[in-house]
Amino acid sequence: MKDLLSIASRFDIQGTIGNIKSLGSGLINDTYKVTTVEETAPDYVLQRINHTIFQNVDMLQANIKAVTEHIRKKLEEKGETDIDRKVLNFIPNTDDGKTYWYDGENYWRVMVFIPDAKTFETVNPEYSYYAGQAFGNFQAMLSDIPTTLGETIPDFHNMEFRLRQLREAVEADAAGRVGEVRNILDEIESRADTMCKAERLHREGKLPKRVCHCDTKVNNMMFDEKGNVLCVIDLDTVMPNFIFSDYGDFLRTGANTGLEDDPNLENVNFNMEIFKAFTKGYLESARSFLLPAEIENLPYAAALFPYMQCVRFLADYINGDTYYKIKYPEHNLVRTKAQFKLLQSVEEHTPQMQEFIESEIK
Numbered sequence: 477m478k479d480l481l482s483i484a485s486r487f488d489i490q491g492t493i494g495n496i497k498s499l500g501s502g503l504i505n506d507t508y509k510v511t512t513v514e515e516t517a518p519d520y521v522l523q524r525i526n527h528t529i530f531q532n533v534d535m536l537q538a539n540i541k542a543v544t545e546h547i548r549k550k551l552e553e554k555g556e557t558d559i560d561r562k563v564l565n566f567i568p569n570t571d572d573g574k575t576y577w578y579d580g581e582n583y584w585r586v587m588v589f590i591p592d593a594k595t596f597e598t599v600n601p602e603y604s605y606y607a608g609q610a611f612g613n614f615q616a617m618l619s620d621i622p623t624t625l626g627e628t629i630p631d632f633h634n635m636e637f638r639l640r641q642l643r644e645a646v647e648a649d650a651a652g653r654v655g656e657v658r659n660i661l662d663e664i665e666s667r668a669d670t671m672c673k674a675e676r677l678h679r680e681g682k683l684p685k686r687v688c689h690c691d692t693k694v695n696n697m698m699f700d701e702k703g704n705v706l707c708v709i710d711l712d713t714v715m716p717n718f719i720f721s722d723y724g725d726f727l728r729t730g731a732n733t734g735l736e737d738d739p740n741l742e743n744v745n746f747n748m749e750i751f752k753a754f755t756k757g758y759l760e761s762a763r764s765f766l767l768p769a770e771i772e773n774l775p776y777a778a779a780l781f782p783y784m785q786c787v788r789f790l791a792d793y794i795n796g797d798t799y800y801k802i803k804y805p806e807h808n809l810v811r812t813k814a815q816f817k818l819l820q821s822v823e824e825h826t827p828q829m830q831e832f833i834e835s836e837i838k
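Counting in my numbering, the sequence shown tops out at residue 838, every number present.
Everything labelled a hint here was simulated from the structure, so no lab data went into it.
All values reported here derive from a predicted model rather than from experimental measurement.
Positions of the beta carbon are idealized from the N, C-alpha and C atoms, including for glycine.
Check each hint, because a few of them may be wrong.
No more than 20 Å apart at the CA atoms, straight line, and that leaves these computed lysine to aspartate or glutamate pairs for EDC-like [claimed, not checked]:
#1 Lys838 <-> Glu742
#2 Lys702 <-> Glu597
#3 Lys562 <-> Asp691
#4 Lys693 <-> Glu597
#5 Lys509 <-> Asp560
Here are the in silico distance ranges between beta carbons for each label pair [claimed, not checked]:
#6 Glu644 <-> Ser482: 44 to 50 Å
#7 Pro805 <-> Asp558: 47 to 53 Å
#8 Gly655 <-> Asp631: 45 to 51 Å
Could you build all of it, start to finish, from the sequences and the hints given here?
This is the structure:
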């Protein structure tokens, strides 16, 4: 508590700190709630930034500052009320005014705690629709941001890069596992050209990179006490990318009827009700700025992300499980097979997806 108190005191916060307690169960950053004594002063959120993952903290915070300031400006122009609950507000430190502070070992930041707000873990059609609306609106508000953002995790969703990693793993065969996975490698390679479509279209000038969230989950939205979406949170991965990142990544997890590492492949299918709800909400919010090439390739995006994750899990299995935490020796292979089954289900549902999207944009 004493160390956290001294760290929080490095920021330009209002009021007297009463206590600091752990908040949430995030997997990346360590998060704490800072409660102030005075009723007139807000409470705060203190975070230790994981600089192993986000190695350029200055870029990270510059991205977030540009995004939150642009969203705040958009909300003000629309005459929105209660703006402080609809966009994150990061507090400068008292040394140099930056929105983070380095203690010699770790990077810290403070933001205003949003009162009377909550998140949900539930993935059902209702919340999937809200998620589609929220992330589509997030992209729409940032579609004209004048600032060029940096890539906080370079090549995060670059399919060509992920396939290069897999091929390097196969060539090295560090754990001697290539022989046993030859069949699934063949399946992956047979789709490789199709799945690298986004990078090709971008090089041809037909597909833009936009500001995307790149971590679209239901629990990355804050809701008010009436169940209305307040704002999108967890902005660390906000960076330039294809809109497919936000669209496809949500469906990879949200529309999977099984677990990401489900050993029973009969459980794993693509849930069309979740797809329809999320897509409906997303198109309502994002259609105003989307290009035809982006809309027509949304089914491709739904396939791209289970394919990409399949590639990443398999590369790690071949490398000897050096990246993802595993619970048993075949864990990454089980994950690979589950993601491949989801991909196959997406492929089977592609005509239905295309039909639904066409009906929504008429």
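Open item on the list: Hints numbered earlier in the text: which of these fail when held up against the supplied structure?
Closed with: Hint check: 1, 8 fail, others pass.
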